[in-house]
Structures are given as C-alpha cells and as structure tokens.
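Participant: Now for the letters of each chain:
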Amino acid sequence: MNAGGRARYAGFAFVGPFLLLYLVILIYPLLLGIGLSFDHADLFGARRWAGIDNYARLLADPVFLRSIVNTIKLALLIVPPLTLIALLLALALNRATRAAAIFRGIFFSSSVLSVTIVTLIWRFILTPDAGLLAYGATALGLAPAPFLSDPSLVIPAVAITTIWWSLGFPTMLFLAGLQQINPDIYEAAALDRAGKWTTFRRITLPSLRRTLLLVVMLQTAAQLQLFGQVQLLTGGGPGGASRTMVLFIYEAAFGRWELGYASAAAELLFVLVLAVTLLQYWLVTRREPER
Amino acid sequence: MTSLELLNIRKSYGGTRVLDDVSLEMDDCEFVAFLGPSGSGKSTLLRIIAGLETADAGEVRLAGRRIDQLPPGERNVAMVFQSYALYPHMTVRENMAFGLRNARVPKDEIDARIAQAAEVLEIKDQLDKKPAQMSGGQRQRVAIGRAIVKQPGLFLLDEPLSNLDAALRTRTRVELAQLRRRVAAAVIMVTHDQAEAMTLADRIVVMNERRIQQVGTPMEIYAHPANAFVARFVGSPAMTLAPATLVDSDGGHARVKLSDGAEVGTRIARKALPPGALRLGLRPEAVSVVAPGAGTTDAEVQLVERLGDRTLVYAKLADGQDITASDQGNSRVAIGQKVGLSIDGGAAHLFGPDDVGHHAEPAT
Amino acid sequence: MTSLELLNIRKSYGGTRVLDDVSLEMDDCEFVAFLGPSGSGKSTLLRIIAGLETADAGEVRLAGRRIDQLPPGERNVAMVFQSYALYPHMTVRENMAFGLRNARVPKDEIDARIAQAAEVLEIKDQLDKKPAQMSGGQRQRVAIGRAIVKQPGLFLLDEPLSNLDAALRTRTRVELAQLRRRVAAAVIMVTHDQAEAMTLADRIVVMNERRIQQVGTPMEIYAHPANAFVARFVGSPAMTLAPATLVDSDGGHARVKLSDGAEVGTRIARKALPPGALRLGLRPEAVSVVAPGAGTTDAEVQLVERLGDRTLVYAKLADGQDITASDQGNSRVAIGQKVGLSIDGGAAHLFGPDDVGHHAEPAT
Amino acid sequence: MVTPLIWTLLLSFKSNAELMRSSAAAFSGPYTLENYHAILVGSQIGRWLLNSLIVSLGTTAGVLILSSLAGYGFARLDFPFRRTLFVLVLLGLAIPEQAVILPRHQFFAVLHLHNSYPGLILPGLVAPFAVFFMTQYFRAIPVELDEAAMLDGASRLTLFWKVLLPLTLPAQATLGVFTFLGSWNDYWWPLISATTSDRFTLTVGLASAQMNYAQTSGLGFLMAQAVFASIPILIVYIVFQKQIVRAMAGAAMR
Amino acid sequence: APRDTRVEIVVQRFFGECGAVYGHSTDVAAADTECGILTTLINRFQAENPDIRVKVNVVAWPGYPQLSAQIAAGDPPDLVTMHQSTISDYQGRGLLEPMDGLLAEAGIQPAQFTDAARAGVVKAGRIYGMPWDTIGRLWHINTRLMAQAGLMDGDRPILPHSPAELLAQARQFRARTGKPYLIQAQVNAPDYHVANLYTWLIAQNAVIFPDARHVRLNTPEAREIVTLFRTLNAEGLTTRNQDFPAATASFTNGDGGIFPTGTWMIGPYDKEATTSGHPLYRAYVVRPFPRLWGHEAAFVDGHAWVVPGAERSPAERRAIARLLHFLAAHEFEWTRTGQLPSFRAVLAMPRFRALPHRADIAQMAATGAQLPDYVQRQSAIQGLIGEELEAAVTGAKPVDRALADAERRVDELLAQIM
Ligand SMILES: Nc1ncnc2c1ncn2[C@@H]1O[C@H](COP(=O)(O)OP(=O)(O)OP(=O)(O)O)[C@@H](O)[C@H]1O
Ligand SMILES: Nc1ncnc2c1ncn2[C@@H]1O[C@H](COP(=O)(O)OP(=O)(O)OP(=O)(O)O)[C@@H](O)[C@H]1O
Ligand SMILES: [Mg+2]
Ligand SMILES: [Mg+2]
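Protein chains in written order, with the numbering used here: chain A, 1 to 291; chain B, 292 to 655; chain C, 656 to 1019; chain D, 1020 to 1273; chain E, 1274 to 1691.
Fair warning: there could be bad hints in the mix.
Claimed, not checked - Quick look at which bits of chain A chain B covers, simulated, 3 or more residues with Cβ under 8 angstroms:
| hint | stretch |
| --- | --- |
| 1 | 184-192 |
| 2 | 195-207 |
Stated by the list, open to error - 25 angstroms max Cα-Cα, derived BS3-like pairs, lysine-lysine:
| hint | chain 1 | residue 1 | chain 2 | residue 2 |
| --- | --- | --- | --- | --- |
| 3 | B | K607 | B | K629 |
| 4 | C | K785 | C | K762 |
| 5 | E | K1452 | E | K1328 |
| 6 | C | K926 | C | K912 |
| 7 | B | K398 | B | K415 |
| 8 | B | K607 | B | K548 |
| 9 | C | K912 | C | K971 |
| 10 | D | K1181 | C | K784 |
| 11 | C | K762 | C | K779 |
| 12 | B | K562 | B | K548 |
| 13 | C | K785 | D | K1181 |
| 14 | C | K912 | D | K1181 |
| 15 | B | K398 | B | K420 |
| 16 | C | K762 | C | K784 |
| 17 | A | K196 | B | K421 |
| 18 | B | K398 | A | K196 |
| 19 | C | K912 | C | K993 |
| 20 | A | K73 | E | K1670 |
Claimed, not checked - Here are a few chain C residues that face chain D, going by a calculated C-beta distance under 10 angstroms:
| hint | residue |
| --- | --- |
| 21 | Y668 |
| 22 | C684 |
| 23 | G706 |
| 24 | L707 |
| 25 | D711 |
| 26 | M734 |
| 27 | Q737 |
| 28 | R801 |
| 29 | K805 |
| 30 | L967 |
For the record, the hints were derived by calculation from the structure and aren't laboratory data. All residues carry an ideal CB built from backbone N, CA and C; glycine is no exception.
Taking the hints into account, I'd like the entire structure generated from these sequences.
Facilitator: And the structure:
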C-alpha cells in the first residue's frame, strides 16, 4: 500500500515506542521473574540457585493446589454469570432514552470504586450477624447464611461481590456490540416470525459472537488474577477456602519473603491464564471462515 | 380478485405528516411498483403493509382479511430489504430456513422449498456459504430466496436493486421479471428508478409529497402523465417542459407558441384546456435533430450523450429555454453546433396552471 | 500533446498476474474510461498511476516526466474514490483545503480555489458542513471538488457514480460531462457500466482478463468491437451472438445461415473471414419485430421490457437460440406470442473462431 | 444493584461513633458532613489529589499516545515481524501483574525511579489491551482515507495526526476513561513505589490515613473517602459516556 | 527562600492520619486516639526542637510491604513503628540497626523496660528497637449480662479456673441470658485463635518453637486447648460467624458476655460504659485471660521504634536519639490509648494507675510473654496456624489433623528462611 516500499521500516517508528516500553517494563521483569523462579530468593536480593525446586514444591504444596482449584472455581462462578448479566443489562439499556443513559451511568459507577471500598460494602452486606442480607433474612424469619465463614459459601460470596464490581466494562462492550448490528435484520426476523427468544438466540447472540469472545477472554484473564476481594474480604479463609493463586503469591512474597517461590507460582499462573485464553480463542474461532 | 387493499392510510412522524390518506387496491398476482422521489413515503407505506410500522389511521387488508392488527410474522407477507438484511452468521440455507422453522414448517417441507428456490435462483451450490462470502448479486438472490420459500401472499421489495452495480442491476432486473412469473403472488416493489418500475411493474403507483399522484400501467403513465410531476419524473431523460401560449386551434386541437416564437400544432383537444399559462411537454423522442432551419425551430447544442443506439442532444433555444432532443446512434452533432429541431406536435403534452396533464386524442 | 503514458505495466499479487504488459497513451485533456468486468484489473491500473500500488515492471509518465518513483502526493494527479473517502471529521472546506495545505499553497490561493470549485459544483452553501450532514450526491461533488482544487494534470476517478442511485447517477453523469469541459485536464475514469463510459469518454479502454482488449472512441467500440468480448460487453442489452455458418457470398459480402435455417446477408467482406465456426452478432436495433412470417425468421417472445420510448423483446428462435429484438415504445407484443423478426444484415457483425470481429464495409 | 451505592453514600454522611454500634444506622438521620470535613482538612489530601491527577492523566495521555501510534502501526503499516510482534503484544494480556511487579520494583530501584512521577507512571503505560483496542479501531477505518490523504500529499505523520487520529476520538475517549479509572484506583504499585507521603497517590494516601481498625471506628470516614475518590472518575465518565459507547461500536469487534 | 539546612529525619508510622483534628496541635494531653496522641507528640517535639526537621510518613497499616519495598529500593526511613514480633524478620536479615548506642545516647537504659517489652526488642543479645508499648488480649466483660447469668461476685466477674469450669459457666450464661458467653471475631482474623493457643501453651511452659526452624504444635496440651474452643463453638456458647467489626459492634450492643480482644479496645468501650443509655453503660470491666491451665500468662506483642540500616550522619543520629528520648519521656500519654507501658516507671505512675481499668491489667507487663527471639515470620506463621485452628475450631477438620498440618506447614515455611 505504500509507494515503492521505501517505508518498509517506517512501521517501527510507530510501534517502536510502545514495544520498547513493553519490552523494558513488562517483558524484561517477566524474564527476571522467570529467572527468580529458579532461585531461592528473598525480597532483599539474597539469591541461591534452586533449579526446579520451587516448582516441585509448589506442585506438592496442598495449599497452592487448593488455591488453583479455588481460582478456577471463582473464574467459573464469575465469568459466565457476569457475561450473562452484562449481556442482559446491555440489552435492557440499549436504547436512546434518558433513563437508559442514567442507568448506564449507575451500572458503571460500581466499577469506579476501589476494591477496598467494594469489599467493605460487601462485607457489610454479607456478614451474617450485621449485614444487610442478615437484616433481610431476619425480617423474613430465616437464619442468615454465614457467607464469609462457611467454606462452601465463601466462593459464591466473593463471586457475587466481584460480579457486582466488574459489571460496568463488559456491559459497555456489549452495548457497543449491539449498536453494531444492522437493525434491518431485526425487522427481517420479525417478518420471519421469530419470537423474542428466537430473535435473541438466533440473531442477537450470534451477532455478538466476537464481543462475547472478547468479554469472556478479558474477564477470564482478569478473574484468574482475582486478589483484592479475597485478601480484604476473607483473607483467603475460612481455612484457605477462598485463597486464590494471586493471594498465595502475595503471601509468599510479602508474608514469607519467599520471592523465588512466589515467582514460580506467578509463572504457573501466567501459563494458566495464557492457556485458558488461547483455548477460548481457539474454541471460538476455529470454525469461523477466513476473513 | 383483489389481493391487497389499503384504505385511507395516514401516518405522521412526530408532527410531520408522511402519508396522507393513501388508498390503493391491488389484484392477486399483480406486480405494483411504488415510484417516487426520496422522502415521498414509499418505504413508510411498504413498512406499514409489512407491519414494521403502525399507521395512525386506515386499514390494510390482504386477501380480504384485515391484517393491520397482526404482528409482522403473521401477515403472510415477505419482504426483501434494500440492505438485504441477511443474517450474517447463518449460511444461505439457514437464512432461508429460519422463517420456516419459526413457523414450524416440517423439516422435509423446508428442505424441499429451499431446494426449489435455490434451483430457481441458481444458487444451489452456494447454499452452505455465508453471506459475507458472496458477491452482491448472489446476496440479492438469497434475500429473494428467503422471501420465496415463505410462499407469501404478497412480496414486498424495498429498492431491491439499488445496491447493485449497473451491470448486475440490468441482469437482476430481468431475473426479477422472470421470477414473478414463476411464483404466483402479488408483488410490491419500492423504487425511485423509473426504468426499474417501467420494466417490471404491471402498474405503477407514482408517489410524491405524501400522496399517490397517479396509478396506472407503465404505458399509461408514460403516455398520459396525470400531472407535470409525473411527466417529469417518469421517462429518462426527463420530459422538456417549455412555457407556451395558446395561439389558435386547428380542427379543435390546440396550437401553441413557444417562448422563442416557434409554433407547434398538437393533437390535444382545445376545449379541455383551462385558461391561463400552459407548459408544453416534449419527450426527447418527440424532438429530432435536423439541419439548421429545416425544423420547427433552431437551437444550440449544449451536450451530447451518445448511447450507442441513439444519441441524446441537450440544446438551448434562442431564448435560453433548455430542450432535450434525440438523434440517431451515429449522430455527428457536436457541442456548440447550431442545429434545427423538428418537433412532433402529435406526441406533445400540455399542462395547465393546475398542473393537470392533457394528452393527444387517439388518432382516429 | 501526450499526457499520460503507460509502458508495459505488469503487476502480480502473490503469484497471480493481474496486469499483463499494459501500455497506453493518452492526450492532454482527453477523457478516457477504463471499462471492463469486475476483477479485470481496472482499479489496479488506476492505483498504479496514482502511486497507491507499485507496478512490478513498466513505466508511468505524466507530461513527459517519469512519475512511477514518486510518492502519490507528488505525482500531480488527483483521485476521486468510489467511496468518496472524504475526511469525516473535516468540513467540506477543510476537506478541500487539506491537500493544498500539505502542498504549502498560500492561504489566499487556497481560499480562491475552493471558492471557485464550490461555485462550479454548486456547493457554496455547504462549505461548512461535515460529510455526514450531506446527501450522497453532495458528497460526490465534494469528492470531485477536492480533486479539482488541486488543479492536477490528471484526474483519476474510480467508479465515481457507482454509489449513487439511478436518478442521481444520470444527473451526475451530465454534471461530470460538463465539468470536464470546464477544467482543462486529462481524466481517467474506471467503470464497469458501459453506458457511463459511452456517455462520458472520448476514448474507452476495454479491459478483460489482465489485458486491454480494445482502445477507441465510444462509437468505434460500439460499431466495430475488436472481439466478441467487447461486442458483448458494450451495448445494453448485450449483442446477440448466434452461431452461424457461411452459406455463400453475394458481391464479395458474406451471407450466413443461422442454426434455425434463416439466412442473413451481411455487408462484411467475405475474404477477410477466417475459416471455421462463425458467430453472427446482432444488436437489438438490428432486429425488429414484424408480423409472424413477414421477417427473416420467426420466434417466440420470452420477455418484454417496455422502456417507454422503445420496447425490448427477448425471444427464442425455433431451435432455442436466444435473440434480443427491439420494437416501438407502444409495442403490443406479449409474452408467449409468436412474432416475426426482421434482421438488418447490413448492421450485423461476424466473429471468427479466433474471436476477432469483422464489420460491415462502409456504405459506398 | 444500586442499594450498595446508596448505602455507601449514606454511610459517608454518618458520624463514625454512631456507626460503630450499627452500620444500619445509615438509614436514618442525623447526617453530618464531618467525614468530608475530615478528608478535606486532613493534611495532605490536596497533594495526593494532585499526585493522582498527575499520575492518572500522565498515564492516560501516555497510553493514548503509545497505543494510538502502535495501533496505527499494526493496523496500517507493513514491516518485518509485524504479525509476530502483534501476537507478542497480545500475550501481554495474559501476564499477571504479580509475575512482574516485584522484579520490576527491583529493576526500578536500580534505575532510581522510585518515589518519582516517572516511576509511578511508566508501568501504567504498558497496556497491551489498549494497543489491541486501537489496532482494531484503526482497522475499521477505510483504507481509502489513507490513500486520499497520500494523494493529498500528506506525510505519514500528517496522515496519522490530521486524518486518522481525529477519527479515533471516540476510541480515545473510551480508552482514556478506562485507563484513567485503572490508574486512579491502582494500589499496589504506588504503594511500593511511592515511599514518602508527598508522593502518595490518593488511594495510597487514603489507605494510610486509615487507623488500624478503621472499619470499626471510622466507617463513615472510609465511605466518605470512597465517594470522594470516585468523584473525578464519575465526572470523566459522564463527560465521555456518549463517546464511549460509540467508540466501542467502532472497534470492539470487527 | 533560604535553604533549609536543618537536619532532617523521616519518621514512618502507621496508626492513621488525623491532620483534620490535630494537624498543628501540640497539646498532647488534650489529644485522643492513637493517631491523635502520636501526631501531637511529634508536633510538640518539632516545636521544641526547631533545629530538627521531622518529616512524617504515614503509611497504610501494617506498613510492611511498603517498608520492605523502601529497604529493597535502598531508601528506608530513619525511624519506623514496628511490631515487636516482626523485628526478628528484619533483624534476622540484617536490615535493622542495633540501637544500643542510640538508646544510650538518648539516655535510655534497657533495664527501664518492662520484662515483656524488653523481650520484644532484644534479639540475639542486642537491642533492635525502643519498645513503645505492650499490647495483649484481654477479656472485655459485660457485667450486666454476667450478673444476669449469676456470674458476678459483687462488682467482680466470676471467671473460670479450668476448662471444665469455663464450659459450665458458659452453659449457665447461655441458659440464663439466652446470649452467647463469648463474642469471638473468628472470620478473617487468624491471629485470634493463635493468641488463645499461645497464651495457654505458655501458661503450661510448653515449648512452642524449640529452635529457629521448628514448631511444636501437635501436642496434648495444644489439643486440649483447641478442643475446648471447638466445644464452645459446637455448643453455640459463642458467636460464630463474626469478623472483627461485627464482633466489636456485637459487644457494644450487649449481645454477649465476654469479648476477648486487644488492649486497644479499652478506650472505645470505656467511652460506651460512661455514656448513659448505651448497653454497656456501667457494665464494663476488663481482665487478663483467666488461668485455665498452668500459671498466669499472656501472649503479648508490642510496638517499637526501630531504625532500618542505612548510612546516617552523626547529626542525624543525634536527632534520632533526641526524638527517642522525647518519646520515652512521654510514653505515659501513649498509654492513654489502652496499651500497656513499656517503661516500668510509667507502669508505676499514679497517673497511669488512675486510668480506667489499668490497675486490672497492669500485671500483663510482668506475665506477658513473647516468642523466642530467633522466631521469624511470626505474622505469616500466625496466619498459617490460625487458618488451621479455625478449621479445627469450626469442626471443618479434626483437631489432630489441623495441628499436624499446622506443624508441617510452619516447619516448611521455617525451612525456607534464607
Ligand atoms: N422513523 C422515522 N422518524 C421520523 N421521520 C421518518 C422516519 N422514517 C421516515 N421518516 C420520514 O418520513 C418521510 C418518508 O420516508 P420514507 O422512508 O417512507 O421515504 P421513501 O419514499 O422511502 O424515500 P427513499 O426513496 O429515500 O427511501 C421522510 O421525510 C423521512 O424523513
Ligand atoms: N491487494 C490485493 N491482493 C491480492 N489480490 C488483489 C488485490 N487487489 C486486487 N487484487 C486482485 O486483482 C484483480 C484485479 O483487481 P482490480 O481491483 O484491479 O479489479 P477491477 O477491475 O477494479 O474490478 P472491480 O470492477 O470489481 O472494481 C482481482 O482479481 C483482485 O482479486
Ligand atoms: Mg425508502
Ligand atoms: Mg475496481
């Protein structure tokens, strides 16, 4: 597309600045981290070669293994409902009315809060003796559920908190996706006798396929790195039932100063995120025609 | 048998009236074109019939049944959108099957109908492609196919050809014409291309400014435009409308003088004409190029459009009046040249101050 | 004076050859149309001239200067894109000024040129609008205006009309014709609409399958198509090509027999014809409808296209051969009817097995 | 959905002493401005606000510039290893913050970047998603515009700056809001990089202002902080909300 | 403006920010809360020592990630608040300066410290911090409910002397008041159970950390202690699902008899106890943990001022010493927060004794015990043990297994210390 191919290297002038920073600020530390993961190391520069010790220990550490399970459970409990709710919200708010604009603002505003505040709010909602849910439950004559102290309820509780917090961005993405759809095909569908549900399932959903992929991929990557909510809300408890991989890494690094061990865990997390993301991408795009 | 009936349809958007008391009757298997300039309300009327818009007042009946209260899917009409509105994520087959599935047509029947439509439209080997993989012309056919398989009582086409390039357009036009002979259903087609309407329709409904201006066969509309708007709008290039004054009448027929002094004897009944300013309507084929001085009047050539089989000559009379004439395909006329124009008064039209058209009496 | 010169241009994408040894010369102020079916390489050639693509081999010269090594902005050419490619965030005025500013034209001069172009194109009161606020036709004019103000040595138009609807297209076509007489520059227009090419161009370059098929004035190309491809491609509806066998010659002119047995006497020199299978080329105006049995042969009517001033009749000969004929505007012919066809052999063409066209000798 | 937000707002207007007994007190008066007063008079809040603004705006501006340049490069220009590099950037989406934050901290220490604005801003500039987003957006702009500009004699920079960039404004607005939001709420990096309180960002500063058992004895104050810290982002959002939806429509999923 | 040539020291502390109220106040006596007292103290020092510039860096609690980051970046502050139990971590890695010299320069002798405080700052035979207080856990008691349960002897609560007695009293309390005997913050508060366990292990002279790399938890003593709490939980004699704020509010509202929590809650609760109309009005006392096993003991911690290692000029050292001297001289003010003094002299002060409830708890300065000085990563270890204890107490895991797991995990952690 350029004249004479003189500008074969011009592209570097544009991508160069970013790539440079990218390499220096993300990739280089990542490599340092990978290096660290093969060392015994502490926060203050002590280093001793460890080979694959850290990895071997990790894979034998029930606490770490449990954190992997917790992390995956959380991602599974968060991503699908989050995606679904965001999609429904977007469908509901995809109109040009003032009310819709105001609601868009409201749903966005929960994403504005920092995790500290979000967990604080939800702590007060979820605490069985004092929380809002407790007031509600008591008013209905039910025993309030111990969301944060029952190992089987804590993950759903964290999931709900996270969904509430993260709803804004995916909703925006879906709204955008919806606006992309040619309105004519809805009329065609109406003439084709498609009911509301059929229209949604056969027209809207397939048209949002790429948005859906993007949302799911971004959210999965984000939720596999879930941290602040559990650190602040449950401290990983009860009994480690909500410890995520990142919380594990944080504890290993800042609590135990085992930088090498933490780095190894971080690399495993990286591999997990990468694998899941690529898998999703492959699953969704493999049957798509070349574009 | 009457198929579609529109009774006093009225529609406004906000405070703006878009359709004003529109009524129309249409026969079974008739092909009607809505022709009119942009914004004249053609699409709106079509969409009211389809059920995609609601009329403010009036009735829509199809095969005797009142349908304006029914949802679009249950009106037994099919529509082909200007943008095709194919479902981009479905294959051609799925696109066609979608409406049938929703109507719970049995699987076998669906397959049979699709096979038949694909046969007719020559897209048999495209059935498993997605719209994005097809050319514009092929997509068009899929859109038509999607309508055909529903075997509706009425086809609605909103500018079905306007997205096609010129070459494809001519071909598709012929295809549409053949198609409608194969499927026994009434068709309404919206267009603002008069050639399209003339070529395809049994009757043309000319619309302008919220109202139906004239309803008639293509030939009626071409030969007897009801008013100046229809006269200008139908026919390409447009009819020349030149101010004229009544001079005299020979044998009860009006004779008029153009502003440059040239006189034209028409075959239009003198007494039908209202008093007041007249305009003489001349189609290009009624004005032919002759040697200077040899015709009714003389003119200077402004532009020559060579179409191969004939040549259009845009010229100016001495007093500046524009006039379009025609010449043979191998015409040697050049821009700036002075030519004579021979006006065939027998083919001329006259429009009175009320815009109503008056036409030559049939030759006896 | 020679303006543009293309010398042995060659271009491949990946392994696919798209242009094969294309050479062309063009005069100052000449209006040339590249006409050809989709994919024939017209746009590619245009883009090579503009500098948006690089040729694999060959030279491009403009006004004697070799330009194929220059960046697009320095070639002294202006281009109007099919999609207009107006800068959506700029006003009309800014759109036109952008290129001039880049070329450091003084501010006054820019204003003057824009004012003048706006005058010519009748968009003076649109100058402060943004493209999104304008209709398709107006955008088109802005795109042209953007090219005009640059006062280039060569205008390049890639299907400038294909995005317009039929009504606007005809009007814009006339405008383009007038325009080019006002700006003194060479113009190349790409189109696959033959009517467009015929109407506007001084010369037409017919392209097909990577090569130039014929270069000539519209009339040359219409009247003397170099080969069967050009014959079919130019003229609407397309020329009928019917297999024919040489029967005899009268006065040195070929006489042929159609597959249904009808004989047609041509005015084509017998001895120029190569041995082997022939095809007889007949434009619709060379075939007129007469009473059954009264013409050269008989046929059954398949489709009637009424265009107002004339009527096209698509018919089938007894042996199934398709043939297109013409009739008067008020023709009464109906589908399914048997008619006679009178073939004007003097206007017929013959194509040999090598596809080369042979035409009637000038009447003496 | 909205209840927690309203609750936050109400809590921020309650006296801390009353809330210590029961957080349900939020639903009835008396309300007070004491918490906001405490925030505003609190010694360094102005400074933190300024720092947050500098860091967030700096990051946002940087991300927009870098990702626009890179997005344009990836979408429009052909250069060796383009696809490979783009995939490499996409891989960045999967790198968890934790895998890099400590090595990066050590590495920044060597460069003496800590406790400085560049030290706070630089890590935020590396936003693979932003590059992905802008690339998609640029791809959605018709190439004819580039070509028209080239024929108009525009240099590559003019083309980028005057023609394409203005067209990506909606995308910039979206990306800007989300980058600003992320940067504004970022906690870990400023916590460990800003070592003196005059370099704290608002999040770190507000966290430092909490007593150990703030949830018990300073709930109203905490909530007032939350509301206070959210105001700038909400303003930004409200200003740009139209653009945001439009932008995502342009790029998100082509 | 002329350049500021004063010597500058950077003081880094947690305890929050309260510039709104105390920004420029030097009136220490009028100040309230940890934040208020410390802020006015430093303001006052600044006012009295204009030749020194004290730069205060308030960090988010507990401030260690930040401190570690600062040290790693080579830019540590001069004087830092640190929990005594954490000193070993930094000291063990050589990141703190021994403060013998500085303290001597400030005119402070180690002998002035209480036993509990001195144990907290002496590591490997040297002093690594100036102790600032001793903090421990107490039983905060609602005497109105105790009376209702028949567990008051005049104005003194009747506390158990054995596990069996504890259970009996708890059941009696439950039966008579319908409320739980104990209010416990068990959710997201791992150190709570650890404090119980350590206290009563120490009371029995059990060795918890035999050396720097090992812990001993899977013992009969430990099992007995944990089982007691498991029983309390199982029988509903305690609140179960509360975290710290919920438990705090619960006690404030009179929803249970005894709330075992830190010294720092004395101030707020005493305020409740003196506000008429509130549930705790005239119904609040505190006591050290009762002697259920062995002898009187309390597991305590404390705050200290430490000096991270860095190059410092003599002038800076002098300034640090002067600040330490000033702080030591005013430690009484700090004890108004509820914490126990780290200086014997303050403990003996009538002013201190006159503070509410202090006489009841002063003994902790003597009975308070800390872990051996070689024990590192206390915070992480407590988190880890707490997690297992929580599982045991709530019945999620058998006691034996929880203790064995805890022992294994702690040993693993200790083995990794570099
Ligand atoms: N949804 C709408 N809201 C407001 N006005 C509308 C709406 N739809 C159509 N109109 C207006 O109604 C009038 C008729 O529109 P309609 O689409 O029926 O015209 P049309 O004849 O189909 O024109 P075209 O040839 O341009 O398609 C126009 O003035 C148009 O602006
Ligand atoms: N960038 C490209 N990469 C690969 N092939 C291309 C590219 N551009 C054009 N082609 C191919 O080159 C051939 C000629 O294309 P070109 O666009 O010049 O045709 P055209 O005559 O302009 O057709 P149309 O009328 O459809 O615009 C086509 O087969 C096309 O597929
Ligand atoms: Mg319309
Ligand atoms: Mg092309």
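Participant: Hint by hint, say whether it matches the structure.
Facilitator: Structure-based check of each hint:
no., hint, result
1, 184-192, "holds (count 8)"
2, 195-207, "holds (count 6)"
3, B:K607 / B:K629, "holds, 10 angstroms"
4, C:K785 / C:K762, "holds, 21 angstroms"
5, E:K1452 / E:K1328, "violated, 50 angstroms"
6, C:K926 / C:K912, "holds, 17 angstroms"
7, B:K398 / B:K415, "holds, 18 angstroms"
8, B:K607 / B:K548, "holds, 16 angstroms"
9, C:K912 / C:K971, "holds, 16 angstroms"
10, D:K1181 / C:K784, "holds, 18 angstroms"
11, C:K762 / C:K779, "holds, 18 angstroms"
12, B:K562 / B:K548, "holds, 17 angstroms"
13, C:K785 / D:K1181, "holds, 15 angstroms"
14, C:K912 / D:K1181, "violated, 67 angstroms"
15, B:K398 / B:K420, "holds, 20 angstroms"
16, C:K762 / C:K784, "holds, 20 angstroms"
17, A:K196 / B:K421, "holds, 24 angstroms"
18, B:K398 / A:K196, "holds, 22 angstroms"
19, C:K912 / C:K993, "holds, 21 angstroms"
20, A:K73 / E:K1670, "holds, 21 angstroms"
21, Y668, "violated, 14 angstroms"
22, C684, "violated, 21 angstroms"
23, G706, "holds, 8 angstroms"
24, L707, "holds, 5 angstroms"
25, D711, "violated, 17 angstroms"
26, M734, "holds, 5 angstroms"
27, Q737, "holds, 8 angstroms"
28, R801, "holds, 8 angstroms"
29, K805, "holds, 8 angstroms"
30, L967, "violated, 37 angstroms"
Checked against the numbered hints listed earlier, the structure breaks hints 5, 14, 21, 22, 25 and 30; every other hint is satisfied.
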